[in-house]
Structure formats: structure tokens, C-alpha cells
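> Sequence:
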Amino acid sequence: MLSNGGFYLGKLLAKVERREEVVKILKVLLKRHVNVLDRQLSRSECSKHVIAMFFETSNKNRQFVIDLFSNSICIREQMETEEFIEQLLACQTPEKNRMLAAFSQTAWGRAKLRTSGALDVVIEVFSSTLIIEEKLACVAAFRHFVHDTAGMRHLSENSIFVNTVVRDVKKYVEENYSECEPTVDMEFVQKLSNQAGAEVEDGRANQNVQEPVDRLHKDFYSMWSYDTPQTSPRRAQSASMSPPYNAPSPSYSFPSSVSSSAASSPAARRPSEGILDELSDVESDSGEDKKEEAENATEKKTKQEKSVSEHPDTHRQTETFFQIVEGELWLLTWLAQDDHNLQFLIRPDVVDSVVSYLRSTRDPDFRTYRVLRRMSTHRSYVYRLLDLEFHVRILTGLCAAPCRMLKYAKSCKHCDKCAEIGREILREFASHVDNSYGDAHINTQFTAEDFVRRTKAAIAKIVLVKERIRLAKVPALTELFNALAHVMSSPERYEELGKMCTYENGPSFASQIIGALSVLISGQKIKELCENDMWYFPPEPGTGQCALQSLPTDQENELLHFVDESNQEIAVAPMKSICENSHYFEGMYSSDFFEKTEGIRTFQVTSDSCPPDDFRLFIHLLSTCTSVCTIVSSAEQCATLLALSDQFLCPTISKQLCADDGPLRTYLNGNSLHTLLPVALATNAHPTLLDTVFLTLVRFSSSDNVTKALEAICTNSTVVNTFVTSLRDFLTTKC
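Following full-length UniProt numbering, the numbering of the sequence shown begins with 1 at its first residue and continues without gaps.
Accuracy of the hints is not assured; some may be wrong.
Stated by the list, open to error - Each computed DSSO-like pair below joins lysine-lysine, with the alpha-carbon atoms no more than 27 Å apart:
hint : residue 1 : residue 2
1    : Lys-48    : Lys-60
2    : Lys-27    : Lys-11
3    : Lys-410   : Lys-191
4    : Lys-655   : Lys-191
5    : Lys-31    : Lys-11
6    : Lys-11    : Lys-170
7    : Lys-27    : Lys-15
8    : Lys-60    : Lys-31
9    : Lys-576   : Lys-191
10   : Lys-48    : Lys-11
11   : Lys-112   : Lys-48
12   : Lys-499   : Lys-708
13   : Lys-27    : Lys-48
14   : Lys-24    : Lys-60
15   : Lys-24    : Lys-48
16   : Lys-170   : Lys-499
17   : Lys-48    : Lys-31
18   : Lys-576   : Lys-527
19   : Lys-410   : Lys-708
20   : Lys-413   : Lys-191
21   : Lys-171   : Lys-413
22   : Lys-24    : Lys-11
23   : Lys-27    : Lys-60
24   : Lys-655   : Lys-527
25   : Lys-15    : Lys-31
26   : Lys-655   : Lys-576
27   : Lys-413   : Lys-527
28   : Lys-410   : Lys-527
29   : Lys-11    : Lys-60
30   : Lys-48    : Lys-15
Simulated from the structure, these hints should not be mistaken for laboratory data.
With the hints as constraints, model all of the structure from the sequences given.
Now the structure itself:
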């Protein structure tokens with residue numbers, strides 16, 4: 001190379017008989033001295049011979065031409081001619097696509113690709129090819145167009161390109177699907193229970209404690225709330241503690257004002273829209289957090305190395321496909337920075353693919369959220385976004401993460417970040433809707449004859465518009481409650497409308513209505529209802545006493561026998577204890593009823609009431625037992641016991657079940673809501689029962705949970721009327 005050997009070798013390429021030998025030498029030099037070789041070859045004027053080598057019938061030198069063209073500068077400038085591009089477009093050589101892609105490295109090449117139609121050819125190959133390396137080369141070529149505004153606009157205007165990106169992202173999400181599996185932080189609830197027990201022993205149970213109790217900060221947010229402090233609070237000093245409650249989220253009692261919301265939430269610094277700005281962390285990492293992350297990373301790396309050693313080819317393809325999707329999302333983020341491109345990107349499939357990537361994959365690049373944020377910042381496309389139900393897609397896809405639907409769930413950084421960026425997007429979007437321009441479009445929907453269209457407008461109104469005067473113009477809240485009553489008026493109508501999805505893979509229509517209504521509940525109300533929540537710890541074996549084990553045998557203490565329809569004995573209990581705790585049995589055996597006058601001491605339980613085991617548990621509770629015989633093990637048992645306590649007029653059992661540390665508050669969650677909601681509406685056995693159930697409905701239930709719970713009560717019109725009336729009172733009066 002010091003003797004100008006590259007120049008000499010370039011001259012020798014003109015001799016066909018020496019070409020094969022020369023190419024072997026050039027391949028070695030290209031790997032070690034690419035820059036020097038590039039300059040020397042360009043001076044030898046061998047570009048026309050290199051081009052001729054590409055179109056030779058034999059393809060043995062074709063890969064060398066591609067490598068030389070892709071990695072050089074000077075020689076590529078000589079080969080960048082209109083004639084060469086036309087030859088590439090006219091030929092049927094499979095490798096021509098990689099040559100065309102290499103033109104994207106220079107401004108002249110990008111312009112020629114765009115004006116000659118070659119860029120569309122590369123896009124078609126990018127969409128149709130099954131060779132993953134060829135697809136990666138296309139993505140690498142497209143990345144160079146970030147320096148060419150016209151080229152980026154050409155990409156966004158080409159629907160094949162956008163469709164391919166959406167298709168690849170969806171495929172990646174399907175192959176790498178990862179959903180948060182929330183688990184209760186038992187260490188925290190145990191600590192909470194111990195602290196409450198200490199307060200009772202010290203005689204301070206009814207006094208204001210000076211030291212704040214560490215509670216879960218996220219429990220203060222309503223399910224669809226987004227106007228909250230921009231970043232989550234710092235974690236407590238101990239890594240085992242859950243983050244403490246911050247100032248409660250703003251109240252959304254209908255109607256509310258912008259000023260009140262601003263006063264209840266600290267002013268959030270608007271982040272820079274620069275694409276290279278890093279997303280700030282949701283919360284700081286403590287030393288133990290970093291140590292845990294390091295251990296997880298080491299474990300993950302070990303598993304990956306084992307997987308690579310077992311399946312090297314599969315792993316290589318997976319890594320390459322990941323690079324492709326990463327590049328596509330990077331391009332999508334850059335495309336969104338140009339206002340011109342947004343009109344081609346604001347599509348349901350684009351929004352859904354980005355949301356699913358952020359929500360349902362492990363360790364996503366959260367900078368991709370800027371695609372959604374850029375959509376929300378452009379006022380010209382507010383109407384299109386409203387028609388796409390952009391707010392619902394963001395709220396259900398990012399804000400309502402699984403671990404935020406479970407009380408006392410362990411902290412999940414991924415879900416916290418998703419919720420934070422979702423709230424940021426919605427705050428920006430709402431700022432363009434909550435004005436005369438955006439509100440006018442929503443108001444026009446209320447005059448539509450289509451019931452679904454009017455209800456969707458009411459949902460948008462409640463969720464996005466906070467200014468008092470605009471809220472007063474159209475009774476959106478009344479529209480929503482009327483819509484809820486209409487949807488639940490019959491099982492057939494609920495099947496048709498309530499379970500309907502207004503967009504593909506979206507939440508049910510009924511759950512959207514409940515989600516919008518959940519915005520009305522204030523953080524302060526959630527705090528009041530959750531403040532004294534404890535965890536139900538069943539009695540340990542060997543503790544407590546069972547009143548039915550040592551029954552009295554004297555005549556003064558009469559026994560009451562409970563039998564089933566086959567006269568098989570279920571339980572035997574002291575009649576005195578039963579009558580003291582049940583007004584029903586007290587009236588039956590203390591007044592001049594048939595049972596007292598005839599001396600009947602047997603009570604037959606019908607099979608329709610409940611299973612014998614559950615009734616036996618009910619008798620143990622009624623007899624004031626305190627041992628393992630009183631363990632309530634499921635939400636179904638809670639529902640049965642509440643129904644029995646209502647049927648037999650046992651307020652003490654209802655109070656015991658609904659206590660702060662009772663089983664109801666522990667077993668009541670989104671998954672069990674369909675079991676407990678009908679019982680709560682039918683009995684209302686305890687003053688706090690209905691409020692607790694409604695809080696679970698509007699705050700701790702997913703879309704599927706809400707749909708299933710409402711379906712359980714829509715068969716009874718009386719219960720539906722009670723539900724709608726009580727829910728309205730809960731949200732508009734108590735909140």
C-alpha cells in the first residue's frame with residue numbers, strides 16, 4: 001500500500017484474465033486498509049470495470065463489488081452515475097437491491113434514489129423479502145435519510161413502508177410478549193398490620209398519628225387519571241418499603257376547574273421535544289435496587305449465553321430481527337418530528353403498534369413514545385385523534401397497567417414508566433382539546449342520532465375537558481349515566497352494546513363508560529377509603545377457640561341442630577350464641593312461633609341457600625369461634641357469608657367480614673368483582689361495603705374485570721337501577 005499498490009491493482013482490473021487473482025488480493029486489502037485502498041483505486045479510474053464486474057454472468061465477484069461500493073467513499077462517488085442506477089433498475093440481479101441501498105450514504109445518491117423511483121423499489125423489497133439480512137440492509141439505508149427531509153417525507157407518504165413497520169412491530173410484540181404479573185407486597189402488608197396492632201395496644205387507634213404510614217402512592221390515582229404530578233415520588237429509604245403517599249391527585253368532582261386542578265398538582269416542567277433528549281427516570285434507584293438489577297442482568301445474561309450455545313442460528317436471527325425493529329421504530333420516531341409526516345402516521349394501527357411495543361415487551365426503548373407525543377402536540381390533527389379515540393387507547397394501553405390494578409402490588413418500574421409517559425401524552429393532548437377549538441368538535445357529536453357516537457363524545461368530554469364553562473354547555477355526565485343504564489337494561493342489549501369494542505382489540509364499551517366515570521373520583525376519596533385497609537391474616541393452627549368442639553350437655557344450654565334436606569347433620573351449636581348474634585333465629589326461638597311452642601330445635605337448610613361447608617363456616621362465625629374453623633378462604637365464601645348474614649339478620653358477621661382487616665377487603669379485587677358486586681347491591685350488609693366495591697370497580701379493575709362484573713348484574717333490572725343510582729351517588733356526592 002505504501003508503494004501505491006492499490007493504484008496498480010485497479011489498473012489490472014481492466015485485464016479480464018487477471019481479474020480473479022486481483023480481486024482476491026483486493027478483498028484482503030479491503031478488510032485492513034479500506035481508506036487507503038479507496039483513494040488509490042479511485043485514482044486508477046477503475047470504476048467502469050468494477051461496474052462491469054457487477055453485471056457479469058458469474059456472480060463470484062459480485063459480493064466484492066457490493067462491499068467496495070458500500071464501504072468506500074471516493075470510488076463510490078465515481079460509480080454514482082445516472083447510467084449505473086438505470087442499469088440497476090433494469091437488471092434482474094437479486095443483489096441489485098443492496099447496491100441501490102448503498103446509494104443512500106450520500107446526498108446525491110439519496111436524491112437520485114428518490115427522483116428515479118429506486119427508493120420505491122427498495123421499499124418494495126424491504127416489505128416483501130424473506131431474507132432477514134437483506135431487510136436489515138434496507139433499514140440501514142433508510143436511516144441515512146434522516147439527513148434528507150424530502151426523502152423522509154417520501155418514506156412517510158409510501159403506505160407500503162408504514163404498513164411494513166407496523167407489521168414487523170406487531171410480529172415482534174407477539175414473539176416477545178411480556179406482561180406484568182402483579183403480586184402483593186406481603187412484607188409491606190405484614191409491616192402495616194404490625195404497625196396497626198401496635199397502635200391499638202398503645203391506645204392510639206382513634207388518635208391522629210404524627211408519623212405518616214407508608215402507603216402505596218399509586219393507589220391515590222384514579223384508573224384513568226392523567227393530570228397528576230409528572231414524576232412519581234422517591235422511594236422510601238428502605239428498599240423493602242413501598243413508596244409513600246405523595247399529595248393526593250387532583251379532585252375531579254363534576255364540574256371542576258382548571259385553576260383547582262393546577263392548585264392541587266405541582267407545575268410540571270414541560271420536557272424538551274428534542275429527539276435525542278433522554279427520558280428522565282420515573283424514580284431514582286437506591287443502592288439495593290441497583291444491586292438487584294445487576295443480579296437480574298447477570299442471570300439474564302447467563303440464560304442468553306446458554307440459549308446461544310444451544311441454538312446459535314435461531315439466536316442470530318432473533319438478534320437480527322430485533323435490530324430491524326429497533327431501526328424501524330427509530331425511523332418512525334424521526335418521521336414524527338416533521339409536521340408534514342404526521343398526517344400519514346396518525347393511523348389506528350400505528351398508534352396501537354407503538355402502544356403495544358411500549359406496554360407488552362420487555363425493556364423497550366421508551367424514547368419511542370415521542371411518536372405518540374408528537375401526535376398529541378399537533379393541534380391540526382385533534383379532530384382525527386378524537387375520532388380515533390386516541391385518549392382511550394393511551395389510557396387503557398399505558399396508564400391502566402396491570403400492577404396498578406392491584407392494591408399493595410410490588411413496585412414495577414416498567415409499568416410506572418408506561419403510566420408516566422401515558423399521562424404526559426394525555427396532558428399534552430388534553431391541552432389542545434380543552435379549548436373552544438377541540439370542544440366544538442366534541443359538542444357536535446352530541447347531536448348525532450347514533451347512540452354509540454354520542455356516548456363516545458361524552459367519554460371524551462369527561463376525560464379531556466376540565467374547564468367549568470365548557471363542561472356546563474353539554475350535560476356529558478348525564479349522557480354517560482343514561483348510556484350506562486341503557487347498555488345494562490337487558491342481557492341482550494349488554495351483549496350487543498356493552499361487550500362491543502369500538503375499535504380493534506379495544507376495551508369493551510361498558511368498561512369505557514366506567515373508566516370515564518372513574519375520573520370523577522378524587523385522590524382524597526381514594527385515600528379515605530384505603531387509609532385503614534389492612535390485610536386479612538387467618539388464624540394460625542393452635543390459636544383461638546372453637547365453641548362447637550366442647551358443647552354443653554346440661555338442659556339449661558339448649559343445642560340447635562342444623563341439617564340439610566336429607567336430614568344429614570351439618571352442625572350443632574349452642575342456641576344461646578346463635579340467638580344473640582342473629583335477629584332471625586332470636587325471633588324464631590324467643591317469640592311465640594311454632595318452633596318455640598313445639599320445642600323444635602332443628603333447622604333445615606335448603607340446598608339452594610349455599611353448600612353445607614359454607615353454612616358450617618357461617619355457624620362457626622355465628623357461634624363466635626376464633627380458631628381455624630373460621631378461616632374464610634375465597635371471595636366466593638365471602639359472597640356466600642354476606643348473603644347468609646343478610647338473610648339471617650346477622651350484623652356482627654357482616655361487620656366482621658367488612659372490617660378493615662377482614663377477608664372482604666383482601667379478597668375483593670378485579671378478578672372477584674363479578675362475584676361480590678351482585679351481593680353488595682342486593683344486601684348492602686355493611687355501611688362501607690358498597691363504597692368499597694364501587695372503589696374496586698372504578699379503580700382496581702381492568703376492562704375485562706369490569707365487563708364481567710357488569711354482565712353479572714344486568715339480568716336483574718331492579719339491581720341495575722340500584723347500581724346506576726348508587727354509583728351516581730358515590731361519584732357525584734361522596735367524591
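> Does Lys-60 sit within 27 Å of Lys-24, going by the straight-line distance between their CA atoms?
This hinted pair holds, its Cα atoms lying about 11 Å apart.
> Does Lys-170 lie within 27 Å of Lys-11 when you go C-alpha to C-alpha?
violated (51 Å)
> Does Lys-60 lie within 27 Å of Lys-48 when you go C-alpha to C-alpha?
Holds. Lys-48 to Lys-60 sits at ~18 Å (cutoff 27 Å).
> Would the pair Lys-655 and Lys-191 pass a check requiring their Cα atoms to be no farther apart than 27 Å?
holds (24 Å)
> Holds or violated: Lys-655 with Lys-576, Cα cutoff 27 Å?
Holds. Lys-655 to Lys-576 sits at ~20 Å (cutoff 27 Å).
> Within 27 Å, alpha carbon to alpha carbon, are Lys-11 and Lys-60?
Holds: Lys-11 and Lys-60 sit about 20 Å apart, inside 27 Å.
> For a C-alpha distance cap of 27 Å, please report whether Lys-171 and Lys-413 respect it.
holds (25 Å)
> Lys-655 and Lys-527 were given as a pair; does the straight-line alpha-carbon distance stay at or below 27 Å?
Given pair Lys-655, Lys-527 holds - Cα atoms ~21 Å apart, limit 27 Å.
> Would you mind confirming whether the straight-line C-alpha gap from Lys-576 to Lys-191 stays at or under 27 Å?
Distance ~38 Å between Lys-576 and Lys-191 Cα, so the pair is violated.
> Measure nothing beyond the straight line between the CA atoms of Lys-27 and Lys-60; if it is 27 Å or shorter, mark the hint as holding.
holds (12 Å)
> Mind checking the alpha carbons of Lys-410 and Lys-527 for me, to see if they're no more than 27 Å apart?
This hinted pair holds, its Cα atoms lying about 18 Å apart.
> So if I understand the rule, the pair passes when the alpha-carbon distance is 27 Å or less; does Lys-48 with Lys-15 pass?
holds (13 Å)
The structure fails hints 6, 9, 18 (numbered hints given earlier, in ascending order).
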